[in-house]
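Asker: Spelled out, the chains give:
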Amino acid sequence: MAQNWSPPPSPVAPTMNYALWVDRVLAALIDGGIAILVMFVLYVLLFVVGGIGSMLIGAGEAAVSSRGEPGGLSSLFGCSTCCLFFILPPVSYLASGLLNKVYLVTKRGYSVGQGLMKLKVVDSHGNIISTGTAVLRLLCTVGLGFVPVVGGALDLLWPLWDNQRQTLHDKAVGTFVIKTG
Amino acid sequence: MVLILGLVVLRVAAWADANQVWLLGKQLHWGCWFKEHYGFPCPTCGMTRSVLLTMHGDFHNALLLNPAGPFFIAGLILLAIISLRFPLIGLKEIKSRQLALGLSLYGWTFACVMLGQWTFKLP
Chain C
43 MAQNWSPPPS
53 PVAPTMNYAL
63 WVDRVLAALI
73 DGGIAILVMF
83 VLYVLLFVVG
93 GIGSMLIGAG
103 EAAVSSRGEP
113 GGLSSLFGCS
123 TCCLFFILPP
133 VSYLASGLLN
143 KVYLVTKRGY
153 SVGQGLMKLK
163 VVDSHGNIIS
173 TGTAVLRLLC
183 TVGLGFVPVV
193 GGALDLLWPL
203 WDNQRQTLHD
213 KAVGTFVIKT
223 G
Chain X
16 MVLILGLVVL
26 RVAAWADANQ
36 VWLLGKQLHW
46 GCWFKEHYGF
56 PCPTCGMTRS
66 VLLTMHGDFH
76 NALLLNPAGP
86 FFIAGLILLA
96 IISLRFPLIG
106 LKEIKSRQLA
116 LGLSLYGWTF
126 ACVMLGQWTF
136 KLP
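Here the protein sequences line up with chains C and X, keeping their order. Numbering-wise (this note's numbering), the first sequence opens with residue 43 and increments by one. Numbering-wise (this note's numbering), the second sequence opens with residue 16 and increments by one.
No wet-lab data here; the hints were simulated from the structure. Don't be surprised by glycine CBs; every beta carbon is placed ideally from N, CA and C. Incorrect hints may have been included.
Away from chain C, derived, C-beta distances all over 12 Å, residues of chain X [unchecked claim]: (1) Gly21; (2) Arg26; (3) Val27; (4) Ala33; (5) Leu39; (6) Gln42; (7) Leu79; (8) Pro82.
Computed from the model, here is a short list of chain X residues facing chain C with C-beta under 10 Å [as the list claims (entries may be wrong)]: (9) Leu20; (10) Phe74; (11) Leu78; (12) Gln113; (13) Leu116; (14) Leu118; (15) Phe125.
All chains should be built: construct the whole structure from the sequences, respecting the hints.
Answerer: Put into structure tokens, the structure is as follows:
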């Protein structure tokens, strides 16, 4: 009986055609363009809302200051849209990423930029990644972008010396980007 | 090594107190356009002075100016120490998954510190 028994085949990762670094950079630039577009739309929206709010509060303050009391709230509210310049880039990247890098990647395997460059995000078995993995992958990308001086560059350049051409955010969640075309 | 060299050069060439920055003995007259326009600081206001004060060991004033400064220097030193292992054990042997997760966590914490201290400075 013991001679007939054979051990189950060990899970071997399929041979993958890892994406070239140049293709990944081009895909990232296209996806970055989408994030910039979202940032612009958000900024216009906030500018309009902030402007209307500033005018409304400012009109109220004009009445208050006529009674001799100090104001300043309108200027603060108007300026808050400008303050959001520091917050808008990561927020817009996250917002566009939820659609582009989570929804699309979990549904079809690639974002808009990756689709154009014929790339696909897969796990170690070659399957499309789960939503949880995609969300964590997005959070890692943004987190690495927050690291001053070296974070974004290290993430972008890592595939150049990695055998499986993974970025750091790929390493963090165990994903791979392959060339399909 | 480049990181450590950069920090050493910064330590030698630049100096700061709570209000001013000096580079090679010359006072710099930098101003924040954001603060000048709107009357209150931006999230990165005080970062240069805070970084330089940290480099010169004045942690108390550095933390008061911008807590992200000491946090930034600590992160750079830690990354430099990790990077020093590259030539010793080989780049491929670095546990890149832990490095990636650690850097991401550091990035998010840095952003939270930066925005957190800013909210306290808002009028």
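Asker: It remains to establish, for every hint, whether it holds in the given structure.
Answerer: These are the hints, each one checked on the structure:
1. Gly21: Nearest chain C Cβ is 9 Å from X:Gly21, so the label is violated.
2. Arg26: holds, 16 Å
3. Val27: holds, 19 Å
4. Ala33: holds, 22 Å
5. Leu39: About 22 Å separates X:Leu39 from the closest Cβ of chain C, which puts it past 12 Å; holds.
6. Gln42: holds, 25 Å
7. Leu79: holds, 20 Å
8. Pro82: Given a closest Cβ separation of 14 Å, the condition holds.
9. Leu20: violated, 13 Å
10. Phe74: Violated, because the Cβ-Cβ distance from X:Phe74 to chain C comes to roughly 19 Å (cut-off 10 Å).
11. Leu78: Violated, because the Cβ-Cβ distance from X:Leu78 to chain C comes to roughly 17 Å (cut-off 10 Å).
12. Gln113: holds, 9 Å
13. Leu116: holds, 5 Å
14. Leu118: holds, 5 Å
15. Phe125: holds, 5 Å
The structure fails hints 1, 9, 10, 11 (numbered hints given earlier, in ascending order).
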